[in-house]
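S.K.: Sequence lines, in order, name chains A and B. Residue numbers for the first sequence follow the working numbering, so the first one is 1 and each next one is one higher. Residue numbers for the second sequence follow the working numbering, so the first one is 182 and each next one is one higher.
It should be emphasised that the hints constitute simulated quantities derived from the structure, not laboratory data. All C-beta atoms, glycine included, are put in the ideal place defined by N, C-alpha and C. Incorrect hints may appear among the rest.
[Said to hold, decoys possible] In the DMTMM-like style, the derived pairs of lysine to aspartate or glutamate whose C-alpha atoms are separated by at most 25 Å in a straight line are:
(1) A:131 to B:219
(2) A:148 to B:275
(3) A:131 to A:121
(4) A:131 to B:217
(5) A:148 to B:217
(6) A:46 to B:275
(7) A:131 to A:163
(8) B:215 to A:17
(9) B:316 to B:303
(10) B:311 to A:17
(11) B:271 to B:219
(12) A:148 to A:163
(13) A:109 to A:119
(14) B:311 to B:278
(15) A:46 to B:296
(16) B:316 to B:274
(17) A:129 to B:330
[Stated by the list, open to error] Looking from chain A toward chain B, a few residues come up when the C-beta cut is under 8 Å (computed):
(18) 58
(19) 73
(20) 76
(21) 134
(22) 138
(23) 140
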Amino acid sequence: MTSFIQQATRFIDQKIDSMASTMAIHAIHAEFPTPVEKQAIFGSYKDQRTNLVIYNEKALLQNGATTAAIISVALALFSVISFPLAAVGLGGSLAVRYSISQNIDEMLKLKSIPAGTEEKEEIDSRDLKSKVATLASRAGVVLPEGWKPGYAKVLGFPLFRSEIPWDTIFPRSSHGRPVSE
Amino acid sequence: MIGSFDQTINSAASSMAKRTLDAVDQDALLASHKEEKEFLVLYNKKGVLQNAAVVGAVISVALALFSIISAPMAVITFGGFLWARHSISKNIEDMVDKRVEPINSPANTLRGKIEVLVSNIESVLPSAWKPQHSKIFGVPLFRSEIPWDVILPKPNKEV
Numbered sequence: 001m002t003s004f005i006q007q008a009t010r011f012i013d014q015k016i017d018s019m020a021s022t023m024a025i026h027a028i029h030a031e032f033p034t035p036v037e038k039q040a041i042f043g044s045y046k047d048q049r050t051n052l053v054i055y056n057e058k059a060l061l062q063n064g065a066t067t068a069a070i071i072s073v074a075l076a077l078f079s080v081i082s083f084p085l086a087a088v089g090l091g092g093s094l095a096v097r098y099s100i101s102q103n104i105d106e107m108l109k110l111k112s113i114p115a116g117t118e119e120k121e122e123i124d125s126r127d128l129k130s131k132v133a134t135l136a137s138r139a140g141v142v143l144p145e146g147w148k149p150g151y152a153k154v155l156g157f158p159l160f161r162s163e164i165p166w167d168t169i170f171p172r173s174s175h176g177r178p179v180s181e
Numbered sequence: 182m183i184g185s186f187d188q189t190i191n192s193a194a195s196s197m198a199k200r201t202l203d204a205v206d207q208d209a210l211l212a213s214h215k216e217e218k219e220f221l222v223l224y225n226k227k228g229v230l231q232n233a234a235v236v237g238a239v240i241s242v243a244l245a246l247f248s249i250i251s252a253p254m255a256v257i258t259f260g261g262f263l264w265a266r267h268s269i270s271k272n273i274e275d276m277v278d279k280r281v282e283p284i285n286s287p288a289n290t291l292r293g294k295i296e297v298l299v300s301n302i303e304s305v306l307p308s309a310w311k312p313q314h315s316k317i318f319g320v321p322l323f324r325s326e327i328p329w330d331v332i333l334p335k336p337n338k339e340v
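Full structure from sequences and hints, please.
M.R.: The following block contains the structure:
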């Protein structure tokens, strides 16, 4: 185990050295592209100056790792905070959706027809499409043939409620102007 | 509670429906079946509200899934980068020690050691230069660069 750790540490050290050296070569070459310029600037202290450049490049690597660690902490904190928020949001949204759905169902019960009558019971027992079609027909509107009350099914359950097409409620002429009744 | 929420839904849908109906040519379109058409508009608007709630729920599910996946990933990444930082830091300390020790320098701080290395190239570190900066709880987060004009002193030329 100890030997493995030593080997891993040596391997990582070699990688760090290699990366820093490559970065240093690139940095020096970018600034001093010709050998003459390099000789002029590095002079007789070539090795010592190169080592200091490598020091700077390793510092850059360390600072990069530190920045990434800080970003990871921020992400972890965000995740820890956002999970309960998401759970509350999901519960709230579902409750709101259920309430609105109930509200719409209640709205679709024709209050103009007295409760307890056969007609009322018959209408209330219909599916949603039939109820909407009945209400539409009372407004002199005919629903399009393929219209469905819900869409985007997940596990057979429609997620979204379809609109009654606006053109059906308020018909327009071919010029886009409202057609008077 | 439920009753008051129903009222809120009705009121929101009504005001949305009113805006739509206001934009419609009242005389032409609402001459007959006015109430029934208003009812259909109200139905549509409540549908919009319900769909918005579904979108909210879908976003919440996505956020919850993201949180569940990202939290352990962030912890692992944090550990990885902390370890990488430690390895690089140790590598730098070793590198500096390896260069300074043969000189038999009495310097025992990082700044002292860097000063020795800089003096080897007949240069001088600025007096205000610190080897590390941005302390949090007394622990410096970042390592400072040795100023480039100290390493490669040349007028109008910086690496």
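S.K.: Does each hint fit the structure? Answer for all of them.
M.R.: Hint check results:
1. Taking the CA atoms of residue 131 (chain A) and residue 219 (chain B), the gap is about 16 Å. The hint holds against a cut of 25 Å.
2. Proposed proximity of residue 148 (chain A) and residue 275 (chain B) is contradicted: the alpha carbons are some 73 Å apart, above 25 Å.
3. For the suggested pair residue 131 (chain A) and residue 121 (chain A), the alpha carbons sit about 12 Å apart, so the restraint of at most 25 Å is met.
4. This hinted pair checks out: residue 131 (chain A) and residue 217 (chain B) have alpha carbons roughly 13 Å apart, not beyond 25 Å.
5. For the proposed pair residue 148 (chain A) and residue 217 (chain B), the alpha carbon gap of about 20 Å is at most 25 Å, so the pair holds.
6. Annotation: proposed proximity of residue 46 (chain A) to residue 275 (chain B) holds, straight-line Cα distance about 21 Å (limit 25 Å).
7. Pair hint residue 131 (chain A) plus residue 163 (chain A) holds up; C-alpha atoms about 14 Å apart against a cutoff of 25 Å.
8. A hinted pair counts as satisfied when its Cα atoms are at most 25 Å apart, and residue 215 (chain B) with residue 17 (chain A) does not qualify at roughly 81 Å.
9. The suggested pairing of residue 316 (chain B) with residue 303 (chain B) is violated, with an alpha-carbon distance near 31 Å, which exceeds 25 Å.
10. For a cut-off of 25 Å, the pair hint linking residue 311 (chain B) to residue 17 (chain A) stands: about 23 Å separates their Cα positions.
11. Between residue 271 (chain B) and residue 219 (chain B), the direct Cα distance comes to roughly 75 Å. Violation of the 25 Å bound is thereby established for this hinted pair.
12. A C-alpha spacing of about 9 Å is found between residue 148 (chain A) and residue 163 (chain A), which places the hinted pair at or below 25 Å, so the restraint holds.
13. Simply put, residue 109 (chain A) and residue 119 (chain A) have alpha-carbon atoms about 12 Å apart, close enough for the 25 Å limit, and the pair holds.
14. Taken as a hint, the residue 311 (chain B) and residue 278 (chain B) pair is honoured in the structure, with Cα atoms around 18 Å apart against an allowance of 25 Å.
15. Simply put, residue 46 (chain A) and residue 296 (chain B) have alpha-carbon atoms about 17 Å apart, close enough for the 25 Å limit, and the pair holds.
16. Under the criterion of a C-alpha separation no larger than 25 Å, the hint pairing residue 316 (chain B) with residue 274 (chain B) is consistent with the structure, at around 19 Å.
17. Restraint check: the Cα-Cα separation between residue 129 (chain A) and residue 330 (chain B) comes to about 79 Å, which exceeds 25 Å; the hinted pair is violated.
18. Annotation: interface hint on residue 58 (chain A) holds; nearest CB of chain B at approximately 5 Å, less than 8 Å.
19. Contact between residue 73 (chain A) and chain B, as hinted, is supported at the beta carbon level, the nearest pair being about 6 Å apart and thus within 8 Å.
20. The criterion of a C-beta within 8 Å of any C-beta in chain B is met by residue 76 (chain A), whose closest approach is roughly 4 Å, and the hint holds.
21. With a cut of 8 Å, the hint placing residue 134 (chain A) at the interface with chain B is violated, because the nearest CB-to-CB distance is about 11 Å.
22. Given the 8 Å rule on beta carbons, the hint for residue 138 (chain A) holds: about 5 Å separates it from the nearest Cβ of chain B.
23. The interface hint given for residue 140 (chain A) is met, as the beta carbon of that residue sits about 5 Å from the closest beta carbon of chain B, less than 8 Å.
The earlier numbered hints that this structure contradicts are 2, 8, 9, 11, 17 and 21.
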